[in-house]
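J.: Model the placement of chain B on the given structure of chain A, informed by the hints.
From first to last, the protein sequence lines stand for chains A and B. Take the first sequence: its position 153, counted from the start at 1, is 153 in UniProt numbering, and no numbers get skipped. Take the second sequence: its position 272, counted from the start at 1, is 272 in UniProt numbering, and no numbers get skipped.
Everything labelled a hint here was simulated from the structure, so no lab data went into it. Hints may contain errors.
Stated by the list, open to error - In the DSBU-like style, the derived pairs of lysine-lysine whose C-alpha atoms are separated by at most 35 Å in a straight line are: (1) B:Lys216 - A:Lys336; (2) A:Lys336 - B:Lys166; (3) B:Lys336 - A:Lys216; (4) B:Lys336 - A:Lys23; (5) B:Lys208 - A:Lys23; (6) A:Lys27 - B:Lys336; (7) A:Lys336 - B:Lys23; (8) A:Lys216 - A:Lys61; (9) B:Lys86 - B:Lys277; (10) A:Lys23 - B:Lys61; (11) B:Lys166 - A:Lys166; (12) A:Lys27 - A:Lys166; (13) A:Lys61 - A:Lys23; (14) A:Lys165 - A:Lys53; (15) B:Lys285 - A:Lys318; (16) B:Lys165 - A:Lys336; (17) B:Lys336 - B:Lys318; (18) A:Lys165 - A:Lys27; (19) B:Lys61 - B:Lys318; (20) B:Lys23 - A:Lys216; (21) A:Lys23 - B:Lys318; (22) B:Lys277 - B:Lys336; (23) B:Lys86 - B:Lys27; (24) A:Lys165 - B:Lys86; (25) A:Lys277 - A:Lys165; (26) A:Lys86 - A:Lys166.
Protein chains: 2
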Amino acid sequence: MSLESYMNQIGQQARAASRLLAKASTKQKNMALFAMADALENARPRLISENAKDMENGQAKGLDSALLDRLLLDDARINGMIEGLKQVASLPDPIGEISNMVYLPSGIQRGQMRVPLGVIGIIYESRPNVTIDAASLCLKSGNATILRGGSEAFYSNQAIAEAVKKGVVAAGLPEHAVQVLNTTDREAVGMLISMPEFVDVIVPRGGKGLIERISKDARVPVIKHLDGNCHVYIDEEADLEKAFAIAMNAKTRRYGVCNAMESLLVHAASAEQILPKLVAAYQEKGVELVGCEQSRAISTVIGEASEEDWYTEYLAPKLSIKIVSDMDEAITHINKYGSHHTDAIVSQNYSKTRAFMTEVDSSSVMVNASTSFADGFEYGFGAEIGISTDKIHARGPVGLLGLTSQKYVVLGDGHTRDN
Amino acid sequence: MSLESYMNQIGQQARAASRLLAKASTKQKNMALFAMADALENARPRLISENAKDMENGQAKGLDSALLDRLLLDDARINGMIEGLKQVASLPDPIGEISNMVYLPSGIQRGQMRVPLGVIGIIYESRPNVTIDAASLCLKSGNATILRGGSEAFYSNQAIAEAVKKGVVAAGLPEHAVQVLNTTDREAVGMLISMPEFVDVIVPRGGKGLIERISKDARVPVIKHLDGNCHVYIDEEADLEKAFAIAMNAKTRRYGVCNAMESLLVHAASAEQILPKLVAAYQEKGVELVGCEQSRAISTVIGEASEEDWYTEYLAPKLSIKIVSDMDEAITHINKYGSHHTDAIVSQNYSKTRAFMTEVDSSSVMVNASTSFADGFEYGFGAEIGISTDKIHARGPVGLLGLTSQKYVVLGDGHTRDN
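Looking at chain A on its own, in the form it has when it is part of the complex (with noise of 0.2 Å):
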């Protein structure tokens, strides 16, 4: 079979189990997610020794350390794709719920019922657990999924394909509802984000560039999450006890995530009783400082921040710091340089607080809090797919109502309209 052929079959099965899926009762599609969790444990040897034949091939192809350490699965690892699916499970099913239903002058009543989107296309790079994740949440909202891993991931993602499929096949969905492409060919990716007809959203999972890639080529919406240079700004009315805290919790609670804290912004009224402070404990952390002129008359340490860094997310332990002369170039700063992911402000002042939260244009806005809580567990979703830098469909973290639409539906009794 041709590759287009290949595709064009996946693209319809998914479409069909779509229609199937859409109809199913929260009890099937937990059945199934428990399924695939038994379907899982019982498969564990078979997992590992697939996953064997990846980590071979990916040190034969001398992948480092990190991707390597990204692609194992191990007992603990399994455990937790099953906790997961559990997890998901316990989540209230979004599918069918129908709000603001209001009667109309004209007699009608007119409300909106919660839909899966369809088919849900997932591109993702070496982790074979997201298989899993990403499954897991499009199968509870009522979704079929197509998922693309990674070529250093293929044994393990078949392998977790085959007990994903049992397990839906157990709980009487259709097989097509999960599909793993058993293809490498890179051309397939191209396919699977042009096929409106059969695929009505793209998430891409990984680094900046396969997003942008993606989000360029692809004739599909794409949900996408590309990169988090997030700000917290310390205003003159700050609580310093407080900035210190969310200063450093935003910064080192983790180098690597895209909620990280990636500049700083201090008042200039503030800095010099913060900023040595921070310096210190940024210094005692290894956190490699760069800044503007001001903030480097204050610290030496600091060293000089170029234009480009501004732009910069380093997703490591080093950090761009600017003193400000008030919030307004604080927000212009952000608006500016940030990408509009997350964003903190840390006030004692009502009036600032307020204008902050308005005019700062990110998915997530901070008042007094820590960048760090940017995600979906952290604001009660149970799970995300993702967080999305998008202002169209979902915006910030992405759980399961960010994979349902919304359609209207209208009650009446014999009503016809007049003009």
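T.: Showing chain B alone in chain A's frame:
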């Protein structure tokens, strides 16, 4: 200036204006809408004389009378535009609303704030009053607008643009809040739809050809309105009086609208009783009928329907009719041949209406109501910018809310994240 520099300038100006519009107060935006209404009133002679140039050019180019009629600006239409501005001013402002603000286990409060999308590009065909419709809805929802009208309406649109700018500036809003392109170069459209740095969403308004072309080439999200191939399904348990009223209203209220019924599906058990009456009534209205073999056995008036007919949005006094053996066949037919716009069931059976509502994959699903109700005004939105046949972002009639996004806001009091 080259076209590229011109478009870049327009884009930059729109982006800058959008920042100011996002924080404009409701009062300011409403003042601008009223000032735009005044400016249109004052520009009445100029609007009519500029429109006369377009009409003359149109006649010289041999535009047909329907197109010329849509192009015409007379006193009644100017009144309509002025009335429309005042109506949009009277709508509640969606911007700034914070919803679902809840305390989470970590102690933070998390909610969603409704914000403008940013810059909206509108591409439309001949009717110059769209300039005002679109500009007013975008402005009220805090968005900057770039409008590109049809070349036939060039002089009319420029005259409207002048009045709009006067109103906007009079209210102290940025002069580039609403920009109408002053070029008829087709390449400008291509540029407008591929400037994601300046344009957040494109709304094409016009024929299917225009919309398909733009969707295909856009590098920016598109809120699109493709065709409305709408169905009414008359169940075996329908109240036949209601069914008759709805089937007549859905087809004959207006023929050229997207929410008109184009295909009638009748349960075999109801067909003998209701079809002859409907056929007679349609004939009286001059509606051409084509149908399946079974329907033709009931009425010889019905011509033969081709496979193509089931896919066709006639937008004309023509209807395709199919007899189905049960509701499932109707739903399968609708989901296959329909355009996911608006579809209705007429039935007194509770379980069937419940299933139909869930399983029909359309932007509006009607129960015992005419498809004619699918409309932003009828749904209580006050106005609409179009009807989206997409599932992503906005689905169905798009009012002010469809021109907004929601960002997360988090309130803490020095909160940091532990793990």
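J.: With reference to the structure, classify each hint as holding or not holding.
T.: Hints and how they fare:
1. Restraint check for Lys216 of chain B and Lys336 of chain A: satisfied, since their Cα atoms lie roughly 30 Å apart, inside the 35 Å limit.
2. The hinted pair formed by Lys336 of chain A and Lys166 of chain B meets the criterion: a straight-line CA distance of about 29 Å does not exceed 35 Å.
3. Under the criterion of a C-alpha separation no larger than 35 Å, the hint pairing Lys336 of chain B with Lys216 of chain A is consistent with the structure, at around 30 Å.
4. Proximity of Lys336 of chain B to Lys23 of chain A is assessed by CA-CA distance (about 16 Å); at most 35 Å being required, the pair is judged to hold.
5. Among the hinted pairs, Lys208 of chain B with Lys23 of chain A is consistent with the structure: their alpha-carbon atoms are about 31 Å apart, no more than 35 Å.
6. With a C-alpha separation of about 28 Å, the suggested pair Lys27 of chain A and Lys336 of chain B falls inside the 35 Å cut-off, and the hint holds.
7. Restraint check: the Cα-Cα separation between Lys336 of chain A and Lys23 of chain B comes to about 16 Å, which is no more than 35 Å; the hinted pair holds.
8. A distance of roughly 29 Å separates the Cα atoms of Lys216 of chain A and Lys61 of chain A; the hinted pair therefore holds under the 35 Å criterion.
9. This hinted pair does not check out: Lys86 of chain B and Lys277 of chain B have alpha carbons roughly 45 Å apart, beyond 35 Å.
10. A hinted pair counts as satisfied when its Cα atoms are at most 35 Å apart, and Lys23 of chain A with Lys61 of chain B does not qualify at roughly 53 Å.
11. A C-alpha spacing of about 66 Å is found between Lys166 of chain B and Lys166 of chain A, which places the hinted pair above 35 Å, so the restraint is violated.
12. At roughly 17 Å between alpha-carbon atoms, Lys27 of chain A and Lys166 of chain A fall within 35 Å of each other, so this suggested pair holds.
13. Our distance criterion of 35 Å between C-alpha atoms is broken by Lys61 of chain A and Lys23 of chain A, whose separation comes to about 45 Å.
14. Of the pairs offered as hints, the one joining Lys165 of chain A and Lys53 of chain A holds, with about 21 Å between alpha carbons and a cut-off of 35 Å not exceeded.
15. About 75 Å separates the Cα atoms of Lys285 of chain B and Lys318 of chain A, which puts this hinted pair outside 35 Å; it is violated.
16. For the given pair, Lys165 of chain B sits about 26 Å from Lys336 of chain A by alpha-carbon distance, which is consistent with the 35 Å threshold.
17. With a C-alpha separation of about 20 Å, the suggested pairing of Lys336 of chain B with Lys318 of chain B holds against the 35 Å cut-off.
18. Restraint check: the Cα-Cα separation between Lys165 of chain A and Lys27 of chain A comes to about 18 Å, which is no more than 35 Å; the hinted pair holds.
19. The suggested pairing of Lys61 of chain B with Lys318 of chain B holds, with an alpha-carbon distance near 30 Å, which does not exceed 35 Å.
20. A C-alpha spacing of about 31 Å is found between Lys23 of chain B and Lys216 of chain A, which places the hinted pair at or below 35 Å, so the restraint holds.
21. Distance check on the hinted pair: Lys23 of chain A and Lys318 of chain B sit about 33 Å apart at the alpha-carbon level, within 35 Å; holds.
22. With a CA separation close to 28 Å, the supplied pair Lys277 of chain B and Lys336 of chain B stays within the 35 Å bound.
23. Distance check on the hinted pair: Lys86 of chain B and Lys27 of chain B sit about 13 Å apart at the alpha-carbon level, within 35 Å; holds.
24. This hinted pair does not check out: Lys165 of chain A and Lys86 of chain B have alpha carbons roughly 57 Å apart, beyond 35 Å.
25. A C-alpha spacing of about 55 Å is found between Lys277 of chain A and Lys165 of chain A, which places the hinted pair above 35 Å, so the restraint is violated.
26. Pair hint Lys86 of chain A plus Lys166 of chain A holds up; C-alpha atoms about 16 Å apart against a cutoff of 35 Å.
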